[in-house]
Amino acid sequence: MHGMPSILPLDVSGLVLEREGRRLLDGVSFTLPRGGVTALIGPNGAGKSLTLRLCHGLIPPDGGRVSWAIGDGRIAGRPRHAMVFQRPVMLRRSVRANLLHALEALSFDRPAGRAAAALARFGLSDLAERPARLLSGGEQQRLAIARAWALEPDVMFLDEPSAHLDPGATRQIEQVIAALAAEGMTILMTSHDLGQVRRLADRVLFLHAGRLREDSPAERFFQAPDSPEARAFVAGDLLW
Amino acid sequence: MDALGAMQAAIGLMVSFDPQFLQIVGLSLRVTLSAVLLAALIGLPLGAWLALSRFRGRSALIVLINGLMGLPPVVAGLFVFLLLSRSGPLGPLGLLFTPTAMVIAQTILVLPIVIALTRSTLDDLWQEYREHLTSLGLTGWRAVPTLLWDGRFALATGLLAGFGRASAEVGAVLIVGGNIANYTRTMTTTIALETSKGDLPLALGLGLVLMALTLAINAAGYAASRIGARFAG
Numbered sequence: 001m002h003g004m005p006s007i008l009p010l011d012v013s014g015l016v017l018e019r020e021g022r023r024l025l026d027g028v029s030f031t032l033p034r035g036g037v038t039a040l041i042g043p044n045g046a047g048k049s050l051t052l053r054l055c056h057g058l059i060p061p062d063g064g065r066v067s068w069a070i071g072d073g074r075i076a077g078r079p080r081h082a083m084v085f086q087r088p089v090m091l092r093r094s095v096r097a098n099l100l101h102a103l104e105a106l107s108f109d110r111p112a113g114r115a116a117a118a119l120a121r122f123g124l125s126d127l128a129e130r131p132a133r134l135l136s137g138g139e140q141q142r143l144a145i146a147r148a149w150a151l152e153p154d155v156m157f158l159d160e161p162s163a164h165l166d167p168g169a170t171r172q173i174e175q176v177i178a179a180l181a182a183e184g185m186t187i188l189m190t191s192h193d194l195g196q197v198r199r200l201a202d203r204v205l206f207l208h209a210g211r212l213r214e215d216s217p218a219e220r221f222f223q224a225p226d227s228p229e230a231r232a233f234v235a236g237d238l239l240w
Numbered sequence: 001m002d003a004l005g006a007m008q009a010a011i012g013l014m015v016s017f018d019p020q021f022l023q024i025v026g027l028s029l030r031v032t033l034s035a036v037l038l039a040a041l042i043g044l045p046l047g048a049w050l051a052l053s054r055f056r057g058r059s060a061l062i063v064l065i066n067g068l069m070g071l072p073p074v075v076a077g078l079f080v081f082l083l084l085s086r087s088g089p090l091g092p093l094g095l096l097f098t099p100t101a102m103v104i105a106q107t108i109l110v111l112p113i114v115i116a117l118t119r120s121t122l123d124d125l126w127q128e129y130r131e132h133l134t135s136l137g138l139t140g141w142r143a144v145p146t147l148l149w150d151g152r153f154a155l156a157t158g159l160l161a162g163f164g165r166a167s168a169e170v171g172a173v174l175i176v177g178g179n180i181a182n183y184t185r186t187m188t189t190t191i192a193l194e195t196s197k198g199d200l201p202l203a204l205g206l207g208l209v210l211m212a213l214t215l216a217i218n219a220a221g222y223a224a225s226r227i228g229a230r231f232a233g
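Just so you know, the protein sequences line up as chains A and B, in that order. Following our numbering, the numbering of the first sequence begins with 1 at its first residue and continues without gaps. Following our numbering, the numbering of the second sequence begins with 1 at its first residue and continues without gaps.
Quick list of simulated restraints, FRET-style, between CB atoms:
id: 1; chain 1: B; residue 1: R142; chain 2: A; residue 2: S49; range: 20 to 26 Å
id: 2; chain 1: B; residue 1: P145; chain 2: A; residue 2: D11; range: 32 to 38 Å
id: 3; chain 1: A; residue 1: G184; chain 2: B; residue 2: R142; range: 27 to 33 Å
id: 4; chain 1: A; residue 1: A112; chain 2: B; residue 2: R152; range: 19 to 25 Å
id: 5; chain 1: B; residue 1: P145; chain 2: A; residue 2: P217; range: 45 to 51 Å
id: 6; chain 1: A; residue 1: A163; chain 2: B; residue 2: G137; range: 24 to 30 Å
Residues from chain B that keep clear of chain A, each with C-beta distances beyond 10 Å, as calculated:
id: 7; residue: F17
id: 8; residue: R30
id: 9; residue: N66
id: 10; residue: A192
id: 11; residue: A212
id: 12; residue: A216
Derived by calculation from the structure, the hints in this document are not laboratory data. Being a predicted model, the structure only gives us computed values, none of them experimental. Yeah, the Cβ is synthetic: ideal placement off N, Cα and C, and Gly gets one too.
Same shape as in the complex, but just chain A (with noise of 0.2 Å):
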């Protein structure tokens, strides 16, 4: 992974949305180098999952711009950056079709062989004929994921990806982010599980209604945040 073209640092600045007069975004701007887990936190509406969005391209901002190192986050017309939604899409057909099916949309050659890699990497490989959508969350999940690095993005950006997961199949899917970073993949996800920012992240950005309030390596953001409003979100947690 490293030493070949990267279409990160990816350059986030200013960006707005608004919906029926409300700002849900407003001038939101960070820097994503290459490495590491970046998790983006904040309360419930804060912009996380937009933010992601916007980044992924799935929406245009209403101001500021996503841009990438290389033109427009693709090289050679293939984007290099997927996105993992927080209720995974299942197609209606096997695993191993779900996998096919995202790799021939991207006309990736030797389909089939980079499918069963990627079963094989995920541990997918035993319910390779089953329909996806019967498999558990926590097996979905691992789809989901399975399916956007066979894509051989640069940068994952994953939703929530435990969000309505059992502890055990948190875990697992903990496990598999941190071992894709350990192999250099670059990962932005939201989380509003603090424990599991803890445990997974390298650098913490805090948004809160809109707009990003902080931006500091995850020990700093946890022991001393800077403003009132993640100490407070911090805090809440602990008393919880």
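Place chain B on chain A using the hints.
For chain B alone, kept in the frame of chain A given last:
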């Protein structure tokens, strides 16, 4: 003739492969299957277009098509009759009172079912898949193959419903086909004619075939939705 005797004669017709009987059943199936195939070729793309596009009057069009699902077959027949009659716009083609005219009439009956069902199936799937497919660059027409394939079981049920509607109707094929012996006589028109003539065995035999067909269609529809449920979870 009493009902029991008529029933025995009807079964006799069926097991002896009576040529007239087979000809009628064969024509019915040919006309209806052609109509369903045509309706699928036209209706699946149209339904997909309606599901994915947004324009003024879309809701009105959806309501209109939903309403056309209940179009009385005789009215569809009358419409095609006017179109194909000698003084009509398509009169010079000389299609009136031919099996082709019957296929056209039944296509018009099946088409709204196919369009409406494709539209609603793909609408729901698109809502669910939109972000993932957009992420893969599959928007607009590029999303249609995925949506059609993932809606395959619901769409199959819709085509079967269309087949059921067309094979059971009598009004449209009677008006545009003319019920001509050995040429445009289908199961339903024959039953209507033979019953009024008092020839019950033929009417009953065809009635049994029609009922068996209806049962088979329903069984297939049930199987499609069961298999679909396995994949849909």
